[in-house]
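Number of protein chains: 4
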Amino acid sequence: MSAGALDPAAERRCRESFARQAFVLHLGGAMEEIAPGRAVLRLPFRPELAQQHGFFHAGALTTLADTAAGYAAFTLMPEDGAVLTVEFKMNLLRPGRGAAAIARAEVLKPGRTLMTVRADVFCAAENGAEQLAATMLATMMCVQGRADVPPG
Amino acid sequence: MSAGALDPAAERRCRESFARQAFVLHLGGAMEEIAPGRAVLRLPFRPELAQQHGFFHAGALTTLADTAAGYAAFTLMPEDGAVLTVEFKMNLLRPGRGAAAIARAEVLKPGRTLMTVRADVFCAAENGAEQLAATMLATMMCVQGRADVPPG
Amino acid sequence: MSAGALDPAAERRCRESFARQAFVLHLGGAMEEIAPGRAVLRLPFRPELAQQHGFFHAGALTTLADTAAGYAAFTLMPEDGAVLTVEFKMNLLRPGRGAAAIARAEVLKPGRTLMTVRADVFCAAENGAEQLAATMLATMMCVQGRADVPPG
Amino acid sequence: MSAGALDPAAERRCRESFARQAFVLHLGGAMEEIAPGRAVLRLPFRPELAQQHGFFHAGALTTLADTAAGYAAFTLMPEDGAVLTVEFKMNLLRPGRGAAAIARAEVLKPGRTLMTVRADVFCAAENGAEQLAATMLATMMCVQGRADVPPG
Chain S
8 MSAGALDPAA ERRCRESFAR QAFVLHLGGA MEEIAPGRAV LRLPFRPELA
58 QQHGFFHAGA LTTLADTAAG YAAFTLMPED GAVLTVEFKM NLLRPGRGAA
108 AIARAEVLKP GRTLMTVRAD VFCAAENGAE QLAATMLATM MCVQGRADVP
158 PG
Chain C
8 MSAGALDPAA ERRCRESFAR QAFVLHLGGA MEEIAPGRAV LRLPFRPELA
58 QQHGFFHAGA LTTLADTAAG YAAFTLMPED GAVLTVEFKM NLLRPGRGAA
108 AIARAEVLKP GRTLMTVRAD VFCAAENGAE QLAATMLATM MCVQGRADVP
158 PG
Chain D
8 MSAGALDPAA ERRCRESFAR QAFVLHLGGA MEEIAPGRAV LRLPFRPELA
58 QQHGFFHAGA LTTLADTAAG YAAFTLMPED GAVLTVEFKM NLLRPGRGAA
108 AIARAEVLKP GRTLMTVRAD VFCAAENGAE QLAATMLATM MCVQGRADVP
158 PG
Chain L
8 MSAGALDPAA ERRCRESFAR QAFVLHLGGA MEEIAPGRAV LRLPFRPELA
58 QQHGFFHAGA LTTLADTAAG YAAFTLMPED GAVLTVEFKM NLLRPGRGAA
108 AIARAEVLKP GRTLMTVRAD VFCAAENGAE QLAATMLATM MCVQGRADVP
158 PG
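Protein chains in written order, with the working numbering: chain S, 8 to 159; chain C, 8 to 159; chain D, 8 to 159; chain L, 8 to 159.
Take these hints with a grain of salt, some might be off.
What the hints assert, rightly or not - With a Cα cut of at most 27 angstroms, we get these calculated DSSO-like pairs of lysine-lysine:
| hint | chain 1 | residue 1 | chain 2 | residue 2 |
| --- | --- | --- | --- | --- |
| 1 | C | K116 | D | K116 |
| 2 | L | K116 | C | K116 |
| 3 | S | K116 | D | K116 |
| 4 | L | K116 | S | K116 |
None of these hints come from the bench; they were simulated from the model.
Looking at chain S on its own, in the form it has when it is part of the complex:
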């Protein structure tokens, strides 16, 4: 979508907002990269992230993908904007098996109000080899001036 680095103020807004992402942090997720229109998040596997067969639960992968998609969009929003997820679709391509999940999100189409974002989720083996485990197509909304939704 975009090239180059995020300006320092925008990067700070992203990092500060991410630091308030209680759920993602509780799961162990970390922001690896953030750039204009792009974000990469990583989530190490832990037994408590599994579903009944021992793989990453689709909900954990979705949490990661949705959050990456949200921050990819957030990088392109004005500084008083807040990002809300309108909707997403997630296709699970393979069982989510591996030492970590990595979500790479990219804004396909920025807009003043809405942004369409794609996020691919890869599962990485101990040796670093990655396989595409899931893909998300999401719509993010920029909200401004709503008292119940603070910026971030």
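Got chain S; can you put chains C, D and L on it based on the hints?
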């Protein structure tokens, strides 16, 4: 979709499978009801389930909805079947605010291999008043005879 | 979603807009009902609407569902608003076989900018018996003041 | 997904099946390319393909994308297989304005029963300049041995 109660063996299979749902249990989710083609799950709010604005994270609501949808489908599967999520779409209708989230899933169309399932997610205030917060449309798959995917 | 009849001016706006729906009209679609937050469209089967197996093409059913969803949303928009489809997901539940397809759309959540709409598509046999053939979950947007998108 | 050309028998199956696509042909769609796991379809604009604002109707773009996605999947199926659309999600990124729409589909994950396919829809101006107008994420199913669904 269906009426009546689940037969005892099917209910036991569902309960035993749910008892292996490490991620959902870790979040505090509980199975409230299970019936042929239907499942209801509940998730009390906790600060660690929140996103940056203090509402339920979409990923937590999705985890609940996906799991409810999976068990709604599982009730209609043969006893050696395992349920895998093929894909879902989730629309977030309102900020997920409340004392608990409740996912009510119903199979719209059962099939031998694929089942289409709808799951509505409500957020309940302390006084029990509920509002529709999100709705999911999902495709579940019945897998049989795959060594890497045990029944359940 | 809503009860009662549409006020005459809103109904006229819907009917006038629908009369400009070249594609839907070309396929033979007709608006059967329009009410606040709801719309019903009908499309008689014709051989040129079929896919390779002789059933309604998913694209024809989607056209009907998307249009019904759009007008369900449009009934709740201000008079200078135009409706644009942001996105939709469609699950095909059964082969689209029958003498006609009927799309019934209902706004699940109205909003000033975005509306979430569900549309069910039924296929009706010659004797009128209906079966649910597909279901759509859609996001519609109200656009105002865009010179390239006239009201309607 | 895949490289190289389709073997002649598979290409003939695709072309013969496409020749029975009454709806797509009625709209004026043509198959431009077919390769293992990939398909490209083109649809010239005509006034009867428009919605109320004069752009390509989302349903026409969806028909093109769904059909391209179906044939991308079909190239990877056994010769007695038939392809059915399970579901798709479509995000409309820009008004569908232009002299033609082009759908480019690619299988993201092949499977014996299910295939996940992405299809991007571009609108091309008279001078050939293309813009991404929509993107689809779809699930296709391979059906074998169903008397009511002939191969193709």
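Cross-check of the supplied hints:
1. K116/C / K116/D: holds, 24 angstroms
2. K116/L / K116/C: Given that 27 angstroms is the threshold and the Cα spacing comes to 24 angstroms, the pair holds.
3. K116/S / K116/D: Distance ~24 angstroms between K116/S and K116/D Cα, so the pair holds.
4. K116/L / K116/S: holds, 24 angstroms
When each numbered hint is compared with the structure, no violation occurs for any of them.
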